[in-house]
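Q: Chain by chain, the residues:
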Amino acid sequence: MRKLVAGWSAAALTAFLFLPWQAIEDGFFGFGWIQDYPDDRTASALFYGLAFDRPWLWGVLPFVALGVLALAFPREDRRFGQTLVFAGLGGLGYTFLQGFAIGITGLQWTWLAPLIGEVETSQYGFGWGATIILFAFLMMVSLGVAALGYFRGDAFIAGSVIVSTALILAFVFFPIATMLAGAVTDEHGNLAFDLFWRRFFADDIWELNCLVGGPRCGVVFNTVLLGVLTGALSTLMGLAFALVVVRTGLPWRKGLRALTILPIITPPFVISLAIIVLFGRTGIVTWFLEVAFGIPPSRWIYGLPGVLISQLLSQIPVAFLVMIGVVEAISPSLEEASQTLGASRWQTFRTVTWPLLRPGLAAAFLLGFVESLADFGNPLVLGGNFDVLSTKIFFAIVGAQHDPGRAAVLAILLLIMTLGAFWIQMRWLGKQSYVTVTGKGDSGLSAELPRKLKRILYWTTIPWAAFTLITYAIVIFGGFVRDIGRFDLEFTWRHYLDAFRVELTERGMFFSGSAWDSLITTIQVSAISAPLTGIMGLLVAYILARTKFAGQRTFEFLTMLSFAIPGTVVGVSYIVAFNVPPLELTGTGLILVICFVFRNMPVGVRAGMAALSQIDKSLDEASLTLGARTATTVRRVVMPLLRPAIVATLVFSFVHAMTAVSAVIFLVSARHNMATAYIVGRVEAGEFALAIAYSTVLIGVMALAIVIIQLGVGRRQLGRRGQQTAAALGGH
Amino acid sequence: MTKSTTKKGPASVEFRNVTKRYGTVAAVSDVSFTIEPGTLVTLLGPSGCGKTTTLRLIAGLEIATEGQIKIAGEDVTNLSAADRDVSMVFQSYALFPHMNVLDNVAYGPTVAGQKKSDAYDLARQKLALVGLKDYDLRLPSELSGGQQQRVAVARALTMEPQVLLFDEPLSNLDAKLRRRVREDIRDLQRDLNLTVAYVTHDQQEALAVSDRVIVMSNARIAQMGAPRELYEAPASLFVADFMGDSNLIDATVERVSGDQALVKIGVTSLELPSRGTKTGPCKVSIRPESLSVTASAPQGPAIPGTIRKAAYLGTHMEYTLAAEIGELFVVDRDVANPKPVGSTAYLALARTGVSLVPSV
Numbered sequence: 001m002r003k004l005v006a007g008w009s010a011a012a013l014t015a016f017l018f019l020p021w022q023a024i025e026d027g028f029f030g031f032g033w034i035q036d037y038p039d040d041r042t043a044s045a046l047f048y049g050l051a052f053d054r055p056w057l058w059g060v061l062p063f064v065a066l067g068v069l070a071l072a073f074p075r076e077d078r079r080f081g082q083t084l085v086f087a088g089l090g091g092l093g094y095t096f097l098q099g100f101a102i103g104i105t106g107l108q109w110t111w112l113a114p115l116i117g118e119v120e121t122s123q124y125g126f127g128w129g130a131t132i133i134l135f136a137f138l139m140m141v142s143l144g145v146a147a148l149g150y151f152r153g154d155a156f157i158a159g160s161v162i163v164s165t166a167l168i169l170a171f172v173f174f175p176i177a178t179m180l181a182g183a184v185t186d187e188h189g190n191l192a193f194d195l196f197w198r199r200f201f202a203d204d205i206w207e208l209n210c211l212v213g214g215p216r217c218g219v220v221f222n223t224v225l226l227g228v229l230t231g232a233l234s235t236l237m238g239l240a241f242a243l244v245v246v247r248t249g250l251p252w253r254k255g256l257r258a259l260t261i262l263p264i265i266t267p268p269f270v271i272s273l274a275i276i277v278l279f280g281r282t283g284i285v286t287w288f289l290e291v292a293f294g295i296p297p298s299r300w301i302y303g304l305p306g307v308l309i310s311q312l313l314s315q316i317p318v319a320f321l322v323m324i325g326v327v328e329a330i331s332p333s334l335e336e337a338s339q340t341l342g343a344s345r346w347q348t349f350r351t352v353t354w355p356l357l358r359p360g361l362a363a364a365f366l367l368g369f370v371e372s373l374a375d376f377g378n379p380l381v382l383g384g385n386f387d388v389l390s391t392k393i394f395f396a397i398v399g400a401q402h403d404p405g406r407a408a409v410l411a412i413l414l415l416i417m418t419l420g421a422f423w424i425q426m427r428w429l430g431k432q433s434y435v436t437v438t439g440k441g442d443s444g445l446s447a448e449l450p451r452k453l454k455r456i457l458y459w460t461t462i463p464w465a466a467f468t469l470i471t472y473a474i475v476i477f478g479g480f481v482r483d484i485g486r487f488d489l490e491f492t493w494r495h496y497l498d499a500f501r502v503e504l505t506e507r508g509m510f511f512s513g514s515a516w517d518s519l520i521t522t523i524q525v526s527a528i529s530a531p532l533t534g535i536m537g538l539l540v541a542y543i544l545a546r547t548k549f550a551g552q553r554t555f556e557f558l559t560m561l562s563f564a565i566p567g568t569v570v571g572v573s574y575i576v577a578f579n580v581p582p583l584e585l586t587g588t589g590l591i592l593v594i595c596f597v598f599r600n601m602p603v604g605v606r607a608g609m610a611a612l613s614q615i616d617k618s619l620d621e622a623s624l625t626l627g628a629r630t631a632t633t634v635r636r637v638v639m640p641l642l643r644p645a646i647v648a649t650l651v652f653s654f655v656h657a658m659t660a661v662s663a664v665i666f667l668v669s670a671r672h673n674m675a676t677a678y679i680v681g682r683v684e685a686g687e688f689a690l691a692i693a694y695s696t697v698l699i700g701v702m703a704l705a706i707v708i709i710q711l712g713v714g715r716r717q718l719g720r721r722g723q724q725t726a727a728a729l730g731g732h
Numbered sequence: 001m002t003k004s005t006t007k008k009g010p011a012s013v014e015f016r017n018v019t020k021r022y023g024t025v026a027a028v029s030d031v032s033f034t035i036e037p038g039t040l041v042t043l044l045g046p047s048g049c050g051k052t053t054t055l056r057l058i059a060g061l062e063i064a065t066e067g068q069i070k071i072a073g074e075d076v077t078n079l080s081a082a083d084r085d086v087s088m089v090f091q092s093y094a095l096f097p098h099m100n101v102l103d104n105v106a107y108g109p110t111v112a113g114q115k116k117s118d119a120y121d122l123a124r125q126k127l128a129l130v131g132l133k134d135y136d137l138r139l140p141s142e143l144s145g146g147q148q149q150r151v152a153v154a155r156a157l158t159m160e161p162q163v164l165l166f167d168e169p170l171s172n173l174d175a176k177l178r179r180r181v182r183e184d185i186r187d188l189q190r191d192l193n194l195t196v197a198y199v200t201h202d203q204q205e206a207l208a209v210s211d212r213v214i215v216m217s218n219a220r221i222a223q224m225g226a227p228r229e230l231y232e233a234p235a236s237l238f239v240a241d242f243m244g245d246s247n248l249i250d251a252t253v254e255r256v257s258g259d260q261a262l263v264k265i266g267v268t269s270l271e272l273p274s275r276g277t278k279t280g281p282c283k284v285s286i287r288p289e290s291l292s293v294t295a296s297a298p299q300g301p302a303i304p305g306t307i308r309k310a311a312y313l314g315t316h317m318e319y320t321l322a323a324e325i326g327e328l329f330v331v332d333r334d335v336a337n338p339k340p341v342g343s344t345a346y347l348a349l350a351r352t353g354v355s356l357v358p359s360v
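Top to bottom, those sequences are chains A and B. So in my numbering, spot 245 of the first sequence is number 245, and the numbers just go up one at a time. So in my numbering, spot 64 of the second sequence is number 64, and the numbers just go up one at a time.
Among these hints, one or two may not hold up.
[What the hints assert, rightly or not] Below, computed lysine to aspartate or glutamate pairings styled on EDC-like, alpha-carbon distance capped at 20 angstroms:
id, chain 1, residue 1, chain 2, residue 2
1, A, K617, B, E168
2, B, K309, B, E327
3, B, K115, B, E160
4, A, K617, B, E62
5, B, K70, A, E503
6, A, K3, B, D103
7, B, K133, B, D103
8, B, K176, B, D202
9, A, K548, B, E62
10, A, K3, A, E118
11, B, K70, B, D83
12, B, K283, B, D250
13, B, K70, A, E684
14, A, K548, B, E327
15, A, K3, A, D77
[To be verified] Selected chain A positions facing chain B (in silico; Cβ < 10 angstroms):
id, residue
16, A146
17, G149
18, R152
19, G153
20, K617
21, P640
22, E687
These are computed hints drawn from the structure, not numbers from a lab. Quick caveat: nothing in here was measured; it's all calculated off a predicted structure. C-beta atoms are modelled at their ideal positions from N, C-alpha and C, and glycine is treated no differently.
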């Protein structure tokens with residue numbers, strides 16, 4: 001532990017003396033600065049203090065020195081830990097305070113002027129030097145806290161908890177808090193509650209006049225209406241599919257499971273494209289209806305119907321996955337009991353099966369509701385005049401209005417609605433328990449469904465499954481024909497060539513296709529963020545599952561928070577929070593990586609915790625008592641047993657980084673454009689075929705990545721006797 | 001902070017007023033004891049009494065809320081498990097399911113940075129010690145319960161720890177194997193001269209293997225001492241009842257002289273160690289085998305009673321008698337002449353196995 005303290009103090013000192021304190025213009029990983037070093041932009045804290053008129057940066061040094069001073073005490077002495085904690089916290093506090101107090105235009109906190117005088121020098125965002133010093137301070141706090149006996153005296157766990165808390169505070173909590181603050185202040189930064197209320201109660205938000213025959217309703221009504229419809233319909237259809245798969249003898253029913261993977265690897269708005277191709281003014285179905293029945297083409301699909309259909313296409317498979325678990329879990333012997341008591345098939349379904357399904361239905365409904373609220377791509381492409389909160393937020397930022405305050409207010413509304421739905425889910429569903437799967441073997445046979453119900457199920461599920469297949473067929477097919485939107489079906493490679501042309505010149509290969517830049521950025525960002533997400537998520541899962549400490553519930557809540565925040569809200573909050581120093585990140589590739597890591601991390605946490613709950617805790621403890629430190633234990637014992645969870649997390653975060661659009665669309669820049677944002681741009685320009693072709697390529701890249709991850713991480717080996725393995729893993 | 005690699009002898013373990021709280025609930029409350037070097041001490045008690053928490057406090061898997069823990073005279077209170085020279089054999093054995101037997105046993109030396117070949121040599125040596133050769137490449141899931149346990153012991157031994165801990169090591173074994181394994185553990189402890197702390201809820205197991213037993217109840221120590229002391233002179237009703245079957249009978253102390261007391265039990269009176277009791281009503285613990293049953297009245301004082309229940313258990317008979325002083329449970333070696341239910345019988349008290357229980 002003393003070695004670690006010495007190491008981190010040395011790192012802090014090096015950063016103070018030599019590394020550029022501020023962010024470098026050509027990006028975090030650029031090294032162009034070395035030739036100018038040290039000048040006004042690239043100097044270290046030391047030189048800034050000496051030569052560039054920023055004496056306050058020297059204030060960091062005493063805290064670094066204090067960390068070194070702690071080494072004067074032996075480890076057992078409480079003063080060792082106390083000094084370290086004080087040095088770390090003090091250093092963190094000072095570094096951030098000076099960062100916030102003095103910004104691009106000099107002193108930001110004008111009330112400080114009488115104390116320290118006017119400061120004209122501008123200061124930009126934190127760079128390498130500041131980041132390393134901050135990290136060193138975090139480690140000092142962690143080591144100090146561990147030395148005082150907290151976290152079982154384990155420096156690794158203390159460090160993990162403190163660093164991940166700090167990161168979550170910085171990249172989840174801080175942006176949201178800044179956004180909230182932005183909503184109640186005017187453009188000069190003064191508190192303005194009246195402005196907030198005026199924005200909050202604007203007519204276009206709450207209006208209900210469409211209910212009484214008026215032209216249109218407010219955005220809240222639209223959002224809720226769409227959410228409820230998507231939630232309810234997707235749940236019912238999910239249930240229908242689940243019943244068909246589990247309880248009927250329909251041939252090919254196993255194939256339905258395979259369909260569920262499709263929406264997971266599809267960028268969210270791709271389905272909208274297919275819908276336009278089918279039902280748009282010049283769509284295939286529209287054309288057919290006109291020719292066959294003389295129905296004139298119209299724009300009916302733009303608005304609620306189109307958005308609803310495309311949300312259903314992506315949400316029904318998810319609801320199906322939820323419901324199939326519920327339907328399979330209903331013990332057949334309960335229904336057999338009902339039948340032996342003389343109930344008819346219909347009575348059994350109504351009085352036994354249905355009540356057992358209800359908690360699952362509620363879960364699927366809330367999931368659909370929340371997904372619908374968070375969906376941005378489909379309303380953007382198909383919404384027309386039908387505004388929902390997520391698109392309204394977008395246009396408040398990028399549209400002609402450019403009113404971040406208004407966007408923040410709308411984002412708060414959306415946040416309240418999703419958090420409310422999650423809260424209801426936790427409060428209400430958390431309490432119900434319908435345990436029907438017991439440890440005892442259950443060899444009963446499921447009751448046959450009533451014939452009438454079966455017929456209804458067939459008539460709803462089969463056409464919908466066919467419709468889903470057609471939609472996806474269009475996506476694939478559309479990239480290869482001249483213009484599927486206008487029904488011009490001549491085969492062509494043109495769209496793929498436009499996007500992905502590679503020319504051989506005498507100076508090597510030249511990627512001249514228009515989509516290459518965004519595709520390469522997307523793959524890079526996804527490939528960087530996926531492993532980071534995995535490390536972060538599984539580390540947090542390990543901490544939550546394996547240790548106890550004060551404030552654990554709060555810590556868990558913080559890690560899960562980012563899951564409940566819709567992407568649009570994240571996007572807005574990042575723009576508001578990270579556009580100014582000291583955390584100045586907008587326009588970089590880093591902000592994209594950070595955004596994905598913290599948005600997808602909860603999935604890693606959940607997967608990790610589920611897997612860890614199946615692995616006996618005494619395995620870790622055995623490793624500890626054998627002298628392995630926690631870091632070694634995690635690497636040699638926990639990680640190999642967590643391989644399935646690692647694969648799941650990597651796949652999920654990679655795929656989500658590639659398909660996400662809602663948060664990303666706010667954060668992309670000319671230099672760091674992402675595939676989804678590029679495709680949305682093509683759609684807005686009416687280049688459907690190119691968009692479709694690009695989407696197909698994305699799906700292909702994702703499929704390839706999944707295969708690579710599977711092969712790379714591999715499976716865990718636990719021996720051949722399955723039963724004993726289970727006993728060894730979960731035994732007590 | 002780092003473990004020295006030189007061979008050291010067994011170490012003492014000392015608890016000074018150690019308390020472990022989870023929130024407001026104390027799992028271990030103000031516990032003090034010393035484990036002498038080279039002895040086997042059992043922590044015994046019903047589930048939830050704090051015995052496992054005490055063991056985990058020694059291991060460093062829990063950190064004490066208050067008090068001080070010393071191993072070999074050094075303060076280890078705030079040291080993490082990895083920094084303490086202590087190994088543990090877990091109840092579930094906790095063999096790493098993704099490593100074979102040899103890798104499991106060589107794990108400790110390997111993570112300590114020893115060369116792979118040295119670690120394997122050490123592991124093979126320890127495996128031979130527990131009598132498990134030629135299983136090197138098996139996975140734990142391919143071993144029987146008893147074999148898995150021996151691997152776990154070998155793995156704990158590779159660190160040549162100052163203190164070795166066992167958490168209910170026999171609980172996953174079938175009844176026949178238990179006796180053999182507990183004898184093996186005792187032999188190993190004596191041969192290698194190890195300090196061992198051993199957790200169990202089985203009083204027979206505790207009596208059989210220990211130099212000393214610490215009985216715990218409700219997060220506190222109820223009594224500690226040699227096995228014989230605990231069985232024959234329980235310090236409280238709890239210990240009397242927990243350490244095997246016991247008849248707890250109301251009696252009267254007639255007079256106390258020095259450390260002896262004259263106790264009147266029904267119609268009989270006898271001299272017992274006074275153990276700090278005063279004259280007046282008291283409780284006496286009588287072990288079932290300390291009462292001898294005869295069909296006819298014996299010479300000397302005897303308690304008459306009626307046989308209510310009788311059970312034949314092969315090696316002995318078990319009777320429940322209704323007597324004036326209460327219901328009595330009796331074990332009788334005489335299986336050849338069973339006493340019929342409903343008959344009258346006479347009970348005589350033996351010299352040992354009868355003790356005054358201080359009313360604490």
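Q: Does G153 of chain A meet its interface restraint, that is, does its C-beta lie within less than 10 angstroms of any C-beta in chain B?
A: Holds - the Cβ of G153 of chain A comes within 10 angstroms of chain B, reaching about 4 angstroms at its closest.
Q: Does the interface hint hold: is A146 of chain A within less than 10 angstroms of chain B, judged Cβ to Cβ?
A: Holds, about 8 angstroms.
Q: CA of K3 of chain A to CA of E118 of chain A, is that 20 angstroms or under?
A: It is violated: about 42 angstroms lies between the C-alpha atoms, which goes past 20 angstroms.
Q: Hinted pair, alpha-carbon criterion (20 angstroms max): K617 of chain A, E62 of chain B. Please report holds or violated.
A: Holds: K617 of chain A and E62 of chain B sit about 13 angstroms apart, inside 20 angstroms.
Q: Are the Cα atoms of K70 of chain B and E503 of chain A separated by 20 angstroms or less?
A: With a Cα-Cα distance of about 74 angstroms, the restraint between K70 of chain B and E503 of chain A is violated, given a limit of 20 angstroms.
Q: Need the status of pair K617 of chain A, E168 of chain B: alpha-carbon distance at most 20 angstroms?
A: holds, 16 angstroms
Q: For the pair supplied as a hint, K176 of chain B and D202 of chain B, confirm whether the alpha-carbon distance does not exceed 20 angstroms.
A: Between K176 of chain B and D202 of chain B the Cα gap is close to 15 angstroms, so the pair holds against 20 angstroms.
Q: Using 10 angstroms as the Cβ threshold, decide whether G149 of chain A counts as touching chain B.
A: holds, 4 angstroms
Q: At a threshold of 10 angstroms, is the proposed contact between K617 of chain A and chain B supported by beta-carbon distances?
A: holds, 9 angstroms
Q: Checking one constraint from the list: CA of K283 of chain B to CA of D250 of chain B, max 20 angstroms. Satisfied?
A: holds, 5 angstroms
Q: Just to be careful, I want the Cα atoms of K548 of chain A and E327 of chain B compared with a cutoff of 20 angstroms; is the pair within it?
A: violated, 48 angstroms
Q: Hint P640 of chain A vs chain B: min CB-CB distance below 10 angstroms?
A: Holds. Min distance 5 angstroms.
Checked against the numbered hints above, the structure breaks hints 5, 6, 10, 13, 14 and 22 and satisfies the rest.
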